[in-house]
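Chemist: Here's the letter readout for the chains.
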Amino acid sequence: MKRPQVMIGTVIFAVALVIPLFLHNDYFLQVIFRLFLFATLGLAWNLVGGYAGQLSLGHAAYFGVGAYGLALLSKGMSPWLAIVGGVVLSMICALIIGSVSFRLRGPYFCLATIAFTEVLRLIAKNLPNVTGGDVGTPVPLLFPHNSMRSFYYACVVLTILSFAITYWVERSRFGYYLMAIREDEDTALSVGVNTARVKLWALLLSAALSALAGALYASLFLFIVPDQMFGVEVSVEIAILPMLGGAGTLLGPLVGSIVLETASEVFKNIFKEAHLLIYGILVVLVVLFLPEGIVGTLNRKLRWFKAAPRTPFASAPPPGPAEESKRIPLPLAE
Amino acid sequence: MPLLEIKNVSKRFGGLKAVTDVNMSVEAGEIAFIVGPNGAGKTTLFNLITSVHKADAGQIVFDGHDITHSSPHAAAKLGIGRTFQIVKPLRNLTVLENTMLGAFLRTSSPAAAEQEAAKVLQFLGMGKVMHLAARGMGLPMMKRLEIARALATKPKLILLDEVVAGLPTVEALKLADLLKRLPEWGIAAIGGVEHVMQVVMKIADRVVVLDHGIKIAEGKPQDVVHHPAVIEAYLGSKYKELLK
Ligand SMILES: Nc1ncnc2c1ncn2[C@@H]1O[C@H](COP(=O)(O)OP(=O)(O)O)[C@@H](O)[C@H]1O
Ligand SMILES: [Mg+2]
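Line order of the protein sequences matches chains C and Y. Counting along the first sequence from 1, when you hit position 152 you're at 152 in our numbering, and nothing is skipped either side. Counting along the second sequence from 1, when you hit position 48 you're at 48 in our numbering, and nothing is skipped either side.
Just so you know, these hints were derived from the structure itself, not from any lab. Keep in mind it's a predicted model, so treat the numbers as computed, not measured. C-beta: ideal position from N, C-alpha, C; glycine also. Do not take every clue at face value.
Going by beta-carbon spacing under 8 Å, a handful of chain Y positions derived as facing chain C [stated by the list, open to error]:
| no. | residue |
| --- | --- |
| 1 | K180 |
| 2 | G219 |
| 3 | K220 |
If you want the footprint, here are the derived chain C segments under chain Y, 3+ residues with CB under 8 Å [what the hints assert, rightly or not]:
| no. | segment |
| --- | --- |
| 4 | 170 to 181 |
| 5 | 189 to 200 |
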């Protein structure tokens, strides 16, 4: 049942790669660029929030650090090296968040992600000498002539990379471990899974991909400000896209991004000011009626043979208290 | 040297003494049972052995390693498998995938894990339900799945917390026959049961009786059940009079 998702993904990517051959309108390319950018961020989030079931509402942190890493480090090195630096910095952030919160159960991780991102936003706003403060900071060019088409291809390739990594994760022991942690952490521990460490690896991978997306996004706009990169709306959007498409599924983030980004673009043009309201209603409707997301729900509907049939032994009802107590005196009566 | 040695182990929860100064050891390939009424401290003892809870006092040594202050995943790596009294399957995965999770402890290859898992499931008579989702299983299969997942980790010792509780008697005895064969695989076991004594009589080499966290008797199953303290713990002193 993984196969159809891979096939659909491949078709989407193939279409994405040929689009620029026919479409020469930079505005539309930028819309689709944004779609794939958020698909990448959704795929990255999905490793932690979907497969491992650890809700992150602070993925803007890695996105923003990737962007600021490129902007600030490139003052002293080539932009490409600066991107690597940004990736490393974002992984250090992941290491900090993960190592303080992954040993604890409950909402600590989620709270830590929100708090940490807010701290980064405030740092970016309040260190004008380093980050440019509220005014923002310029970002270097990555591609000659800064052509929209180069950015577009880079973004699609990054999405394909994230998709391929997710595919690999799904089929590996690492992926099983992530799902086990989501389903029942005690069970995972009981079979020797170092759950804190496995969650941390997932977060590191996720942070690295998010930072690459952040660098790409920043370079396209050539200038970044703290609220745009570390804003809570960014974190929320990164989490909502894969949930809408199907958290913990390969195709979910891609589908979520296609649906939501297209909808928001269309609504923006038709409903003008009211588009955020419509967008919000759409999200609520999907959460209410498709709690497993679009791909998750389809998957379950199609996977009828796994739909919990009763086993030969299942008919035996659990014994009531009367039956239990009947057994007590047996050894003594013998 | 015994495979597992529990030395003067105690555990309190607030003011409640769940386990008090318990001594116990298990030899390689032995099947021991901890018997005691509800709340006696059996599950707590299992949680101490696997470091889910940390002992307040005493020492636990497994296979030459001091595991008193270890961690649950490290205990599994050393070779302690466990089942949960309240079953904890990964509900959305298949029976096979649940079992593979155990097998992944000793191999990183999904193909090898699948092979090992299938072998364990065949042994437990679960070949037919292998590809079904765990959430659809009835209690007997859920209990077996707990055992399958633990066995797939290739443990030296398996802790079976109430694996026959709530099963129809025929089903419980069938499972006991399978468990009796664990030593053939070089696996020692500690079972914990409240009162399914037929199973204990049938397969236990040794029985330890707990009551309110205190060990009140230890010995061969046929001796232990006639121990006055045991009869009292189970039936109260009134019935002891009657039995005389
Ligand atoms: N995590 C816990 N917190 C507080 N009390 C506990 C906890 N676990 C067990 N207990 C208490 O310890 C005692 C022993 O429980 P348990 O080990 O589950 O007994 P058994 O498995 O023999 O039925 C009980 O009184 C129980 O309420
Ligand atoms: Mg118990």
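Chemist: Next, verify each hint and record whether it holds.
Modeler: Evaluated hints:
1. K180: Given a least distance of 18 Å, the restraint on Y/K180 is violated.
2. G219: violated, 14 Å
3. K220: violated, 13 Å
4. 170 to 181: Contact hint for the segment 170 to 181 of chain C vs chain Y: holds, 7 residues under 8 Å.
5. 189 to 200: Check passed, 7 qualifying residues.
Checked against the numbered hints given earlier, this structure breaks hints 1, 2 and 3; the rest are met.
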